[in-house]
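**Q** All chains should be modelled from the sequences, with the hints used to inform the complete structure.
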Amino acid sequence: MAIPGAATAGGAITGPPPPRYWVRHRVALTGWGLLAPALIVLLIMSVVPTIYLVMFAFQHVDLLGPGTKFVGIQNFERVLGDPEMWSDAGATALYVALAVSIQLVFGMALALMLNRKMRETNLLTALFILPLGVAPVVSALIFRELLNPVYGWVDFYLQSWGLMGDPVDWLANPLTAWISIITLDVWQWTPFVALILLAGLQGVPQEPREAAVVDGAGPLSLFWHVTLPLMRPFIAIALVLRAIEAFKTFAGVYVLTGGGPGTSTTLLTLDMYRIALQDFDVGAASALGICFLFALSFVMSRLLAVLAKSTDILED
Amino acid sequence: MTTSNLAHTNRRSVLKSGVAAVGGLLTASTVLGRPYLARAQAAKPSQLTMLYATVEADSDAVKTLLPQFKSLHGIDIAMDTMPYNALQQKVFAELASKSAYYDIVIVDAPWMSAVIDNIHPITDMILDSNLTDAAEFDLTDFIPKVFYDTAVFKPSASTVHWSQSGDVDAKAIKQGGFEIYGLPIQANALTMSYRKDLFEDADNKSAFQAKYGKPLAVPETWDDFVQVASFFTRPRKRLWGTTLMAGAGDWATDDFKTMLASFGGDGYMINDKFEPVFAGPEGVAALTFYVDLINKYKVTPPGTTSASWDTAATEFETGLVAMSMNYHTETLNASVHGTMDYAMVPKKVQYGPHFGAMMLSVNAFSKNKEWAYRTIQFLTGKASQAAMLPLQLHPTRRSAYEVAAKDPSYAQKFGNFYPVLGKSLENGVGRPRLKNYSDVDRSIWVAVNDAARRATTPEAALAKAAAQVKTQLAQAGYTPG
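If you read the sequences in order, they're chains Z and Y. Per this note's numbering, the first sequence starts with residue 37, numbered consecutively. Per this note's numbering, the second sequence starts with residue 127, numbered consecutively.
Keep in mind that the hints were calculated from the coordinates and are not lab data. Don't be surprised by glycine CBs; every beta carbon is placed ideally from N, CA and C. Don't take every hint at face value.
[Stated by the list, open to error] List of simulated lysine to aspartate or glutamate pairs, EDC-like, C-alpha gap at most 20 Å: (1) Y:K363 <-> Z:E243; (2) Y:K495 <-> Y:D293; (3) Z:K105 <-> Y:E326; (4) Y:K363 <-> Y:E443; (5) Y:K590 <-> Z:D118; (6) Y:K424 <-> Z:D202; (7) Y:K422 <-> Z:D202; (8) Y:K596 <-> Z:E113; (9) Y:K224 <-> Z:E246; (10) Y:K271 <-> Y:D293; (11) Y:K590 <-> Y:D293; (12) Y:K271 <-> Y:E552; (13) Y:K322 <-> Y:D206.
[To be verified] Not the full set, but computed from the structure, chain Y residues with beta-carbon under 8 Å of chain Z: (14) N421; (15) K422; (16) S432; (17) E441.
**A** Written out as structure tokens, the structure is:
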């Protein structure tokens with residue numbers, strides 16, 4: 037059967053053209069058809085769980101018994117009324133700020149080094165990205181052994197080199213425990229930041245740099261006034277991606293310190309794990325998850341807004 | 127299916143499968159003594175699935191019995207094992223999803239308050255002579271304290287403990303309104319391992335005698351323990367007196383509750399009226415002593431305030447300490463060139479080592495409950511427990527300890543391990559029965575850790591923890607009194 041309006045082999049039109057609304061519908065249907073797989077996946081993986089999360093947040097959920105009931109905002113009162121939760125939220129924010137800042141500085145230094153066209157660059161790049169391939173749990177276990185004050189390498193070498201007298205129990209003091217968890221995250225994720233920044237450096241146009249050199253700019257001035265401004269979009273991408281991931285940090289801290297000493301390195305993710313998967317209080321854990329989601333969305337939107345002011349790529 | 131229907135079906139099916147059963151039994155191994163007779167054959171499955179722990183419940187020992195179960199009953203037991211850290215989530219997830227996949231699940235005592243509605247009570251099966259040969263199974267052989275603490279719960283009030291202490295009697299349990307929810311298979315108790323070679327060394331003996339005016343001996347009291355631990359503490363030779371597990375984690379609570387009980391306090395920490403009872407004078411004295419071992423007497427290796435049971439095990443096995451307290455099966459590396467043995471954890475006014483047993487239970491959603499029960503009956507039977515001794519199972523039956531005591535090969539291989547474990551279990555103190563035990567546990571270990579690293583005083587740490595625990599108990603719906 038010939039389709040109305042379709043051209044024949046000879047180029048002649050066999051009938052009247054299809055109504056415009058039909059064409060529009062066909063285009064729309066095709067669009068929805070193409071979108072459907074992604075939408076279904078999104079619906080199953082994100083929307084439905086989010087609806088459940090919201091439902092659970094207003095219920096006392098008894099997964100193992102018959103006691104599930106609606107409790108209004110009781111779960112939110114419990115979570116937001118717990119001073120330790122606020123303290124852990126502060127610790128999480130501090131953790132993200134410290135870890136990501138240090139990673140950006142070290143990542144930039146690493147990227148500048150790798151950007152120099154040397155024979156060893158490829159080998160060094162491959163070596164530097166190795167930590168990315170190690171699972172966070174494994175990294176934390178290795179760090180735990182390295183930091184053991186009796187048989188760990190860190191204390192052993194620091195003592196051997198005369199840099200330390202008595203052994204330091206790194207994980208028993210809040211300050212050194214914080215240094216340990218930040219170091220672990222920096223070791224693991226700096227290569228990721230470096231790779232993004234290296235891609236940026238390799239895309240920086242040479243003309244402004246050459247012009248600045250002609251004008252007598254030194255290496256530091258060249259970096260500060262020319263390279264860094266041109267790198268802002270890439271710094272923004274690295275910052276946002278790393279911040280989101282750092283907020284979700286769990287395995288490394290859980291294995292390395294367990295939230296201790298005391299509760300000094302307890303992050304919100306550890307609280308969520310404890311409430312949801314040890315106490316099985318799914319209602320309270322959902323309430324905490326929603327609060328965390330809102331806080332994270334707010335922080336990220338503010339961060340993006342600030343960065344967008346000085347970053348073309350984000351505005352586009 | 128009601129119990130009477132079940133029994134009727136069983137008798138009928140026995141006749142049908144009699145020939146096959148006799149044939150199977152004739153060819154079955156009798157290594158385990160009298161094999162369990164399959165007198166009832168309710169919808170016999172070809173395979174049962176079991177969720178078990180790894181080293182924490184000696185899975186290697188249990189695996190050795192599975193071929194014998196198959197030769198007796200023709201049923202494969204597919205055993206999945208999980209490390210303890212992930213086991214609770216797995217068990218809870220399986221039961222919460224009402225999954226029938228696992229017929230048998232391993233359950234640790236503190237979880238029972240939460241999962242009680244999802245575990246099938248087996249009291250009626252134990253009392254059913256078609257399923258249980260009372261003489262052969264001999265419930266009275268289980269260590270009463272271990273059995274009551276692990277397996278006996280009141281369905282309407284899962285936090286209440288069975289108050290009697292005599293031999294296990296299923297009828298009395300049923301009449302008292304309680305139920306049996308499983309059969310204990312592995313009982314872990316805090317025991318003390320020590321370097322036998324160091325204690326027997328002539329130079330050490332004479333030096334100790336000269337210093338303290340008494341012979342060097344394995345300490346039985348905490349006062350002796352301080353002297354012995356101080357004597358062996360020689361940091362320049364990389365040797366310390368003892369390990370402690372004061373790091374942030376459940377282990378710190380277990381250390382503390384052992385001390386608390388030995389100082390005369392209630393090692394359960396929360397009584398049946400839902401009142402925290404760990405912050406009184408005994409608790410403060412116990413925690414103060416614990417903190418002093420680390421900071422005043424300095425008899426522990428550096429890193430004790432961040433140590434877990436894994437750290438403690440490593441420190442002992444690498445020869446860094448003369449004594450250690452743990453639940454692990456302790457070993458010494460060959461490079462240490464030493465020998466080791468076991469003793470009870472010392473006491474102040476009484477013994478009170480922390481203990482926790484794991485039981486095998488029937489999943490309430492299993493489609494093969496009767497055969498699941500037969501399996502756990504087999505695995506926790508007298509013969510099976512004795513058969514697992516060579517792999518150092520921590521038995522829950524008194525007869526297994528008697529077997530170990532009579533056979534010199536066990537003493538040769540494991541030293542005092544079995545006598546010490548048996549005695550520790552008889553004197554041990556379990557955990558409180560709470561749905562939110564992990565919350566309570568955390569508040570207590572934070573207090574212990576804070577005090578141990580001198581961030582606060584023992585009194586203040588325990589008072590803060592007690593206040594937190596009161597709130598947590600109220601939030602979980604537990605009303606004091």
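**Q** Could you grab the alpha-carbon distance between Y:K363 and Y:E443 and see if it respects the 20 Å cut-off?
**A** Holds, because 16 Å separates the two Cα atoms, which is no more than 20 Å.
**Q** Can Y:K422 be said to touch chain Z, with a Cβ gap under 8 Å?
**A** It is violated, given that the least Cβ distance between Y:K422 and chain Z is near 17 Å, above 8 Å.
**Q** Please verify whether Y:K363 and Z:E243 have alpha carbons no more than 20 Å apart.
**A** Not satisfied, since the Cα-Cα distance of roughly 65 Å exceeds 20 Å.
**Q** For the pair supplied as a hint, Y:K495 and Y:D293, confirm whether the alpha-carbon distance does not exceed 20 Å.
**A** 26 Å, violated
**Q** Is the hinted pair Y:K424 and Z:D202 satisfied, with a Cα-Cα distance of at most 20 Å?
**A** Answer holds: Y:K424 to Z:D202 is near 13 Å, not above 20 Å.
**Q** Let me know if the C-beta of Y:E441 comes in closer than 8 Å to any C-beta of chain Z, holds or violated.
**A** Cβ of Y:E441 sits 7 Å from chain Z, so the hint holds.
**Q** Taken at face value, is the distance from the CA of Y:E326 to the CA of Z:K105 at most 20 Å?
**A** 64 Å, violated
**Q** Please verify whether Y:K596 and Z:E113 have alpha carbons no more than 20 Å apart.
**A** 17 Å, holds
**Q** Does Z:E246 lie within 20 Å of Y:K224 when you go C-alpha to C-alpha?
**A** Between Y:K224 and Z:E246 the Cα gap is close to 70 Å, so the pair fails against 20 Å, i.e. violated.
**Q** Do the alpha carbons of Y:K271 and Y:E552 lie within 20 Å of each other, as the hint requires?
**A** 6 Å, holds
**Q** Assess, step by step, whether the Cα of Y:K322 is no farther than 20 Å from the Cα of Y:D206, and give holds or violated.
**A** 37 Å, violated
**Q** Given the hinted pair Y:K590 and Y:D293, is their Cα-Cα distance within 20 Å?
**A** 40 Å, violated
Checked against the numbered hints above, the structure violates hints 1, 2, 3, 9, 11, 13, 14 and 15; every other hint is satisfied.
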